[in-house]
Amino acid sequence: MSINWFKYSSPQTFYPLAGKMIPWFALLATAFAIAGLYISFAIAPTDFQQGEAYRIIFVHVPAAWMSMVIYIVMAGWAALGLALNARLSAMMAQALAPTGAIFTFLALVTGSLWGKPMWGAWWVWDARLTSELILLFLYLGFIALQASIDDPRRADRAGALLALVGVVNVPIIYFSVKWWNTLHQGSSINMGAAPKMAATMLLGMLLMALAFWMYTVAVALMRVRCIMLERERSSDWVKELSLGVKS
Amino acid sequence: MLIAQGLACLRGDRLLFKNVEIELNAGGLMYVLGENGSGKSSLLRMLCGLLMPEQGSIFWDKKKIKENAENYLSNLTYIGHLNGLKDDLTALENLYMSARSAGNEVTENKALAALTAIGIERCANLPARVLSQGQKRRVALARLWLTEGKLWILDEPFAALDIASVSVLAARLGEHLANGGMAILTTHQDVAINAQSTQTLRLSS
Amino acid sequence: MLIAQGLACLRGDRLLFKNVEIELNAGGLMYVLGENGSGKSSLLRMLCGLLMPEQGSIFWDKKKIKENAENYLSNLTYIGHLNGLKDDLTALENLYMSARSAGNEVTENKALAALTAIGIERCANLPARVLSQGQKRRVALARLWLTEGKLWILDEPFAALDIASVSVLAARLGEHLANGGMAILTTHQDVAINAQSTQTLRLSS
Amino acid sequence: MQWASWSAFFYMGGYAFYVWFSFGLTALCVIWEVLSLRKRSIEALRLSKILAQG
Amino acid sequence: MNGAWMTVLRRDLLLAFRRRSDVATTLFFFLIVSSLFPLGIGPEPAVLSSIAPGVLWVAALLAGMLSLTRLFAADFADGSLEQMLLTPQSLTLLVTAKVLAHWLVCGLPVVLLAPLIGLQYALPNDALLVLIISLLLGTPALSLIGAIGAALTLGVRGSGLLMALLVLPLYIPVLIFGAGAVAASQHGMSANAHLSLLAACSLLSLVLAPLATAAALRISVE
Amino acid sequence: MNGAWMTVLRRDLLLAFRRRSDVATTLFFFLIVSSLFPLGIGPEPAVLSSIAPGVLWVAALLAGMLSLTRLFAADFADGSLEQMLLTPQSLTLLVTAKVLAHWLVCGLPVVLLAPLIGLQYALPNDALLVLIISLLLGTPALSLIGAIGAALTLGVRGSGLLMALLVLPLYIPVLIFGAGAVAASQHGMSANAHLSLLAACSLLSLVLAPLATAAALRISVE
Ligand code: HEM
Ligand SMILES: Nc1ncnc2c1ncn2[C@@H]1O[C@H](COP(=O)(O)OP(=O)(O)OP(=O)(O)O)[C@@H](O)[C@H]1O
Ligand SMILES: Nc1ncnc2c1ncn2[C@@H]1O[C@H](COP(=O)(O)OP(=O)(O)OP(=O)(O)O)[C@@H](O)[C@H]1O
Ligand SMILES: [Mg+2]
Ligand SMILES: [Mg+2]
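Protein chains in written order, with the numbering used here: chain A, 1 to 247; chain B, 1 to 205; chain C, 1 to 205; chain D, 1 to 54; chain E, 1 to 222; chain F, 1 to 222.
Among the hints, a few may not be true.
When the alpha-carbon atoms are kept at most 27 Å apart in a straight line, the in silico DSSO-like pairs for lysine-lysine are as follows [claimed, not checked]:
{"hint": "1", "chain 1": "C", "residue 1": "K110", "chain 2": "C", "residue 2": "K66"}
{"hint": "2", "chain 1": "B", "residue 1": "K18", "chain 2": "A", "residue 2": "K239"}
{"hint": "3", "chain 1": "A", "residue 1": "K239", "chain 2": "D", "residue 2": "K39"}
{"hint": "4", "chain 1": "A", "residue 1": "K20", "chain 2": "A", "residue 2": "K116"}
{"hint": "5", "chain 1": "D", "residue 1": "K49", "chain 2": "A", "residue 2": "K239"}
{"hint": "6", "chain 1": "D", "residue 1": "K49", "chain 2": "A", "residue 2": "K178"}
Hint data in this document are derived by calculation from the structure and do not stem from the laboratory.
Quick caveat: nothing in here was measured; it's all calculated off a predicted structure.
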């Protein structure tokens with residue numbers, strides 16, 4: 001059993017496995033995306049308050065959700081990597097980070113693109129906005145730390161530790177920021193201004209979220225393969241592999 | 001007693017050594033020799049548990065050193081390339097505090113005695129900053145007069161020492177071994193140390 | 001040529017040495033010997049102008065070194081206890097840049113050749129951080145293959161070097177002296193260097 | 001289907017800039033990420049090939 | 001074991017005493033930062049006292065971080081960190097000793113200095129009191145959390161800024177509760193809720209941070 | 001001689017840029033620091049824009065301090081400072097090279113990021129312009145003055161540390177004029193007076209600071 005696990009957790013065997021999985025996830029992602037986009041633009045009705053602007057929700061919310069989910073998954077892999085000292089899981093954590101950062105960035109930008117017409121301001125210090133911004137900082141910290149350590153083993157373990165410390169803090173931060181926001185009633189605007197969640201809208205958002213999920217998996221697998229190639233450059237299996245490909 | 005089985009060390013993408021076997025018993029002395037960069041320091045750091053072996057494992061009294069770390073570390077005295085001195089503390093303070101925080105029972109007087117033994121009592125109250133290269137090294141080495149540790153791991157202890165101090169240190173090593181201690185050391189000079197059993201491990205890159 | 005008259009060095013409240021006389025001509029080699037803390041490094045730093053002599057004065061080509069500093073410094077190559085390497089630069093970058101900022105005309109290739117000469121070309125592109133003690137020392141010493149300086153002042157150049165490198169360095173020193181260079185060095189090992197004229201200055205505290 | 005015409009669809013009831021910018025940016029990020037990863041893996045393989053041969 | 005703990009504490013305090021300038025730098029930084037804003041804003045007491053809690057807390061936070069970046073750097077460079085890892089005592093405990101020393105040297109003075117600056121901002125007395133208490137409760141958390149960052153960025157290029165990037169987001173709750181407490185008492189509300197949350201933060205980090213720091217040190221020294 | 005100057009500059013830049021992430025880190029550092037204040041003070045745009053000048057100048061100062069205190073420390077510890085003193089070139093010039101490198105890495109990013117933070121703080125455009133100019137004029141002075149302190153703190157002798165403390169206050173005028181300039185333009189007044197004073201500070205320190213620094217280095221190395 002455990003042998004089996006280690007067999008698949010060794011880069012050499014995981015590399016081709018990942019290669020096989022990528023296309024399927026890509027396919028799923030596109031399928032969900034098409035369905036989701038169809039609902040969000042063709043089916044979902046115009047919102048009587050916000051007009052068409054609300055359609056941003058179909059990228060904004062899934063992106064926001066993903067930004068959080070990915071961070072947690074990342075921390076999970078990191079913990080596994082620290083516990084079992086398994087190279088693969090550390091690599092997975094490292095592979096997820098950039099995608100998570102991108103989604104966070106998207107949540108921020110689409111959010112403020114929504115905010116401009118709704119509130120008339122690109123940015124307000126609202127609780128959720130602020131905590132999303134902080135989440136972006138957490139991602140960037142993780143990436144920067146790993147980027148600035150050259151010894152891969154140390155980079156893995158340092159990053160993993162940071163991710164763990166991060167997840168412990170995320171809820172505290174989120175809570176404190178919400179609280180801070182309620183203290184300053186003055187300017188806080190509630191996103192409740194957003195339309196009622198009609199069933200179709202919820203479906204649309206869910207489909208888009210699923211699309212993002214599948215996309216994330218595919219991309220993470222692609223990145224982890226790159227990392228393996230770069231890390232194990234001098235190992236035999238990479239050499240054989242690279243001799244195999246023509247270019 | 002110290003046993004290491006099938007140690008391998010990978011630095012960056014270079015395999016420094018593999019299948020290194022060590023068995024060291026009471027009174028045993030081991031030289032680790034090799035050219036610059038052959039991996040001597042790395043091996044010593046590995047034996048201390050500072051560096052995780054790529055393969056293989058290390059046992060102290062039949063138990064993995066990670067498992068009975070407390071027992072192992074209280075028997076271990078390691079002095080590396082770095083002297084671990086604070087420029088702003090005097091020689092005496094440096095010695096006293098490093099010994100204390102290593103868990104040895106020492107008094108100011110004992111520390112002073114150690115400095116005297118290695119012949120730098122005159123510098124006892126000088127800040128480490130102003131000491132000469134060799135004097136710094138000797139302050140670090142003075143800890144060997146204070147520990148009750150069974151296992152000494154010394155990385156080029158003789159570097160930068162003058163002839164007199166070299167022989168003083170050699171004598172101390174001999175004494176330690178005679179009392180059933182063990183020592184592992186690297187060096188590029190050859191120095192005569194008398195021990196019941198002397199082994200030599202040669203690393204070649 | 002280098003002349004020093006009646007040098008005295010006071011450190012804190014200790015007079016390390018006084019009335020030290022030095023006269024070194026083209027092709028001359030001078031050993032500065034003495035136990036740890038006897039003042040060797042201090043003397044060398046004094047000769048470089050890093051340390052003000054308490055008494056006495058130092059002349060290069062008959063002129064006080066402070067007066068024709070530019071000329072003196074462009075003829076001087078000093079390598080002290082510290083290697084002066086940047087952990088984050090590769091061995092090659094370290095060598096190249098230190099030589100450049102010392103005013104020597106060097107190219108990457110020349111620098112690489114120097115590293116090859118001292119036998120660490122394999123580490124050329126490793127960050128200094130990961131180099132072993134001896135490898136670091138050798139990167140620092142590689143500058144001796146790049147300078148046109150007449151006067152070399154070396155503080156324990158052989159410390160931490162393995163046997164092979166010691167002889168390589170000794171050879172380079174001999175060559176330098178044969179070409180009418182001068183060298184002053186301290187050491188605790190005795191190494192054979194062939195020079196027309198060899199003097200020994202013994203400092204005793 | 002509540003779009004009178006394509007132009008109405010693109011006009012997005014006056015919010016064209018915000019809506020299309022959001023979706024467009026998302027698409028851009030996705031495409032960029034995928035392409036850059038492609039490049040990266042090809043580069044890695046090329047390098048290790050050189051290593052393997054030389 | 002207690003002996004070793006005390007020794008580490010004593011050694012760091014002694015070192016700090018010998019290198020007073022570092023400590024002074026921290027305090028001075030705190031002073032500059034907190035006295036800079038009145039210049040930018042002008043003397044209206046109303047505005048000043050409204051920004052006082054935030055400014056003071058941010059200043060304290062930055063000052064603490066500024067000094068923390070080098071918590072382990074020197075020990076790492078001169079090899080005494082290796083020795084610390086090789087002592088039979090639990091590294092976690094020794095870390096607490098180091099952090100405590102740092103807090104006594106850099107945290108406490110800030111706490112003591114704060115009221116003076118509070119006066120400059122026309123803070124009422126009870127708010128001043130709350131300020132001191134909140135700093136007393138909060139700054140330990142800052143030191144403890146900062147230690148993790150310091151350990152993670154050991155010997156990493158540009159570690160100062162990198163550490164800021166890692167640690168500042170984690171400081172945010174402490175900042176919010178701390179500044180919130182003062183603000184609350186300014187508006188005549190009770191600050192107890194804030195203060196107890198602050199205490200909770202400190203306790204939590206007292207339990208978890210040393211563990212994380214010890215792990216980080218082991219990773220960094222390899 | 002030019003060769004050596006360029007080499008020192010290149011070496012320091014290379015050291016700073018050795019990791020591409022460094023510059024990014026500097027930029028994000030400012031983002032975070034500037035996001036701390038709203039969390040401490042509250043989100044009211046009016047208040048925020050009134051403290052914006054202070055926030056930015058503090059960020060600049062902090063970035064300087066985080067890196068500057070170590071400007072020579074590393075060179076001193078690893079011996080490359082000795083080597084620098086032994087080059088035939090004038091030490092004063094080499095010092096300028098080092099300071100310039102430092103400013104490019106730590107000063108410039110502030111200037112570049114300033115507008116973005118300004119937006120977050122709802123600064124009017126003309127104030128933004130003044131802000132950038134003031135930073136351009138002022139940050140070099142911060143680096144130059146900091147260099148003196150950095151050289152002095154190397155001081156083997158206790159007096160050096162004390163001197164370093166005397167250097168710190170030199171920051172104050174720069175900060176006052178800098179923040180003052182922006183504040184002035186916010187209140188619709190002309191900022192020229194402040195700006196010219198700022199320029200004067202920079203010029204003065206450009207002339208004097210390198211000399212002082214070089215002297216301090218010579219003493220410290222003895
Ligand atoms: C920079 C601007 C914004 C950011 C960073 C942001 C961030 C977020 C985040 C993190 C979430 C997920 C939180 C959760 O699901 O519990 C979210 C959800 C949401 N946001 Fe935003 N948001 C922004 C602007 C806006 C604006 C302007 C609106 C509409 C006026 C809006 C409407 C929503 C809605 C309706 C949800 C879904 C709520 C839910 O599912 O519970 N957001 N946003
Ligand atoms: N990240 C890395 N990449 C490549 N090589 C590395 C890396 N880290 C360390 N090394 C190599 O590992 C070796 C370290 O060896 P170590 O310090 O143990 O040498 P040593 O035997 O102690 O030499 P010395 O006698 O000079 O002290 C060096 O050859 C160094 O070049
Ligand atoms: N401030 C001071 N007070 C008292 N003594 C001092 C002071 N500064 C330096 N010294 C002494 O001056 C001497 C410095 O000597 P130096 O470094 O030249 O020795 P060295 O001959 O190079 O020794 P080594 O062989 O160990 O390198 C040391 O003995 C040191 O104790
Ligand atoms: Mg070694
Ligand atoms: Mg010496």
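Tested hints:
1. Between K110/C and K66/C the CA atoms are separated by roughly 31 Å; this puts the pair beyond 27 Å, and the hint is violated.
2. For the hint linking K18/B to K239/A, the alpha-carbon distance of about 22 Å falls within 27 Å, and the restraint holds.
3. Distance check on the hinted pair: K239/A and K39/D sit about 19 Å apart at the alpha-carbon level, within 27 Å; holds.
4. As the CA atoms of K20/A and K116/A are separated by approximately 44 Å, the hinted pair breaks the 27 Å bound.
5. A threshold of 27 Å between alpha carbons decides the hint, and for K49/D with K239/A the separation of about 6 Å falls inside it, so the pair holds.
6. Note on K49/D and K178/A: the hinted pairing is violated, with a Cα-Cα distance of about 53 Å set against a maximum of 27 Å.
Violation of the numbered hints given earlier is confined to hints 1, 4, 6; the remaining hints are satisfied by the structure.
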